[in-house]
Amino acid sequence: MTLSLALHLFEDFFWSAIDATGFALLFNVPRKALLTCALLGGIGHLTRTITHEFIPLDLAFATLIGSTIIGFGGHLFAKPLKTPHTVLSVPGVIPMIPGTFAYRAMIGFLRFSQSTSATGSSPILVDATSFAVRTILILSAIAVGIVIPNLLIFRKRPVI
Amino acid sequence: MSQSRNKKALTHEALTDIIDLALWAGQLLLQNGASSHRVEETVHQIGTGLGCDWMDVLVSHNAIVVTTISAGDFRTKIRRIPKHGVDLTVVTAINRLRYRISDGTIDAGKLRDELQRISTRKPMYPFWLTALMVGLACGAFCRLFGGGYEAFALTTVASTTGMLVRGLLLREEFNPYLMVIVAAFVTSLIAALGKYLGIIDYPVALAAGVLMLIPGVPLINMVLDFVRGYVNVGISRGIFGLLITLSIAIGLLLAVSITGVPGL
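Those protein sequence lines, which keep their order, are chains X and S. Counting in our numbering, the first sequence runs from 1174 upward without gaps. Counting in our numbering, the second sequence runs from 136 upward without gaps.
Okay, chain S solo, but in the shape it has when bound:
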């Protein structure tokens, strides 16, 4: 706190402005798959970089609470995080902004423009390309699990279709668990059709096809949060990941209960 004596006392309006910007950046981070430590550190650096004496940040799974302090005056605000997704380009962009703030090469007005630009940016890759590449990735899983090229093609078709279904349901704002169950069901049903196409190792396609739905980012963030001491956020993320994983299992088991249960 020794450096804070050199800082000017901010007006109440300036504090309001800073808390808004810091919360906005924190919200974008938490919404798009950053770990709690990164959220807290970034919000803190933005606030102190823009002239506050100190920032206290409380990160939760679906809300951030921030208090800004400047020369005895303080403001506190809560921001809800209603939706979670994964967009690592946003995380990268805000990480760069953070370094520009600690360098002092960006002010509050410019930061607002940048955050506006980041939050309204279109996805970096077209939807069909993502679906196709994720389908190929699941096909690659099939090869890694020892499946043949026929099973590879089957997995790729099944997972690409599943990704298209998932994208459609995501756009229509369905419940995430329902979305995962339906996507896993469609993917597994197509993979199970391999039985009738004479593909012997179609169970490998069944195992590999639904892996695109695995909540990898929440599960890894869970461990990162546990290690950094954010045990409560980690537990929330872990339960969320577990529920999504169970939803995958439900979709897959519904599909194989129609076509008969194949062992691997």
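In isolation and in its complexed conformation, chain X is listed as follows:
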């Protein structure tokens, strides 16, 4: 039981780290920052999985916690690596993108458009809309989480 749980959490960390690294390459992140991106991606997604599966929090709320941790991590490593904090946190949050929800919403809307009977199509529409709303909520949680450290702690006075 505990072994399979540990394996589950390790896989979660591992694949999110791979994910963040791939997107860091796509965004042409400096070589020195790659490992940090992978680490932040793994830790952030692991945090989301733990808070979602064990507390259990709603997935959008768990995403907010995960991406806030990534946001703080970006600020933490920005000074020693001499990079802007977003360079580290943007690839880090990529693993939390709700791909399956977006896919289900899309396929649902397609089926709705192809459906011929009104009674048969309404549950399809309700399902698709629900997935679309969850997708938007999770995406917003990702973006807001990155910004939260700026709002709470790093409120540097604007130079302009």
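Hints are computed from structural coordinates only; laboratory data are not their basis. Misleading hints may appear alongside valid ones.
[As the list claims (entries may be wrong)] Under the rule of at most 25 Å between Cα atoms (straight-line distance), these lysine-lysine pairs were calculated in the BS3-like manner:
1) Lys143/S - Lys245/S
2) Lys1252/X - Lys1205/X
3) Lys212/S - Lys142/S
4) Lys1255/X - Lys257/S
5) Lys257/S - Lys245/S
6) Lys1255/X - Lys245/S
7) Lys1255/X - Lys1205/X
8) Lys1205/X - Lys257/S
9) Lys212/S - Lys257/S
Starting from the known structure of chain X, arrange chain S on it as the hints suggest.
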């Protein structure tokens, strides 16, 4: 503005030089995925660091307007930003230049050399490596979504091919929306072939494969811009991100309409 009294009045030529350098740095930032606040702050710091009294910067989605002021004399210039991409190495390099300017360890001539070096630098990673790693990243998405190892391999192959197609179309300067539609179509078509290869969870590969095309940087910059008060730039970025996302959906739906629509 109190410190400005210690500054020497600049000649009109010096002002021209400074506005060129500041605009160049701002253009590189905005082209490569920096938030509006970072663009404005950097342009301002470069100008005042090189001797201007004040810089006023207007950032838009596809142009920057800058006015430099020195002892009553002023110059204004507009720079168009025709193309947007993501290159965070450029953003990092210019961020470092900004601190060197406020330290006073770099002058206008050296700054010009550095900007020239940054804008002509080759990509940090070879194209095939990026394509392969992004393919693996989509495979990782597939595993995170609960797909098996067969679906993982399928996603990796599909997304790597999609990345190669995207790179080819990018080089030939196709319209970005068309590029995304074609790349999403190719990726989804390969992932949908899993149906005929007997991979049961191929719908997971369909959902995971196209995620490499998600406009993550514009969407996150949108929120950063909203929070910092650049609402107009944020709206432009959001609409751009939405259109790219719709293009992904079009490519995917075209592919599954050929092979039959699988539920997840």
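### Message
With the threshold set at 25 Å, check whether the alpha-carbon distance from lysine 1255/X to lysine 245/S stays at or below it.
### Response
20 Å, holds
#### Entry: 25 Å limit on alpha-carbon distance, applied to hinted pair lysine 257/S and lysine 245/S
Between lysine 257/S and lysine 245/S the Cα gap is close to 20 Å, so the pair holds against 25 Å.
#### Entry: Agreement of lysine 1252/X and lysine 1205/X with the hint, judged by alpha carbon distance not exceeding 25 Å
Since the Cα atoms of lysine 1252/X and lysine 1205/X sit roughly 13 Å apart, the hinted pair holds (cutoff 25 Å).
### Straight-line alpha-carbon gap lysine 1255/X to lysine 257/S, limit 25 Å
21 Å, holds
### Query
Are the Cα positions of lysine 212/S and lysine 142/S separated by 25 Å at most?
22 Å, holds
### Task
Starting from lysine 1255/X, check that the Cα of lysine 1205/X is at most 25 Å away, please.
10 Å, holds
### Query
Going straight from one Cα to the other, do lysine 143/S and lysine 245/S come out at no more than 25 Å?
20 Å, holds
### 25 Å Cα cutoff - pair lysine 1205/X, lysine 257/S
Measuring from Cα to Cα gives roughly 17 Å; hence the hint holds.
### Query
Given the hint that lysine 212/S pairs with lysine 257/S, does the C-alpha gap stay at or below 25 Å?
29 Å, violated
Hint compliance for this structure: hint 9 alone is broken.
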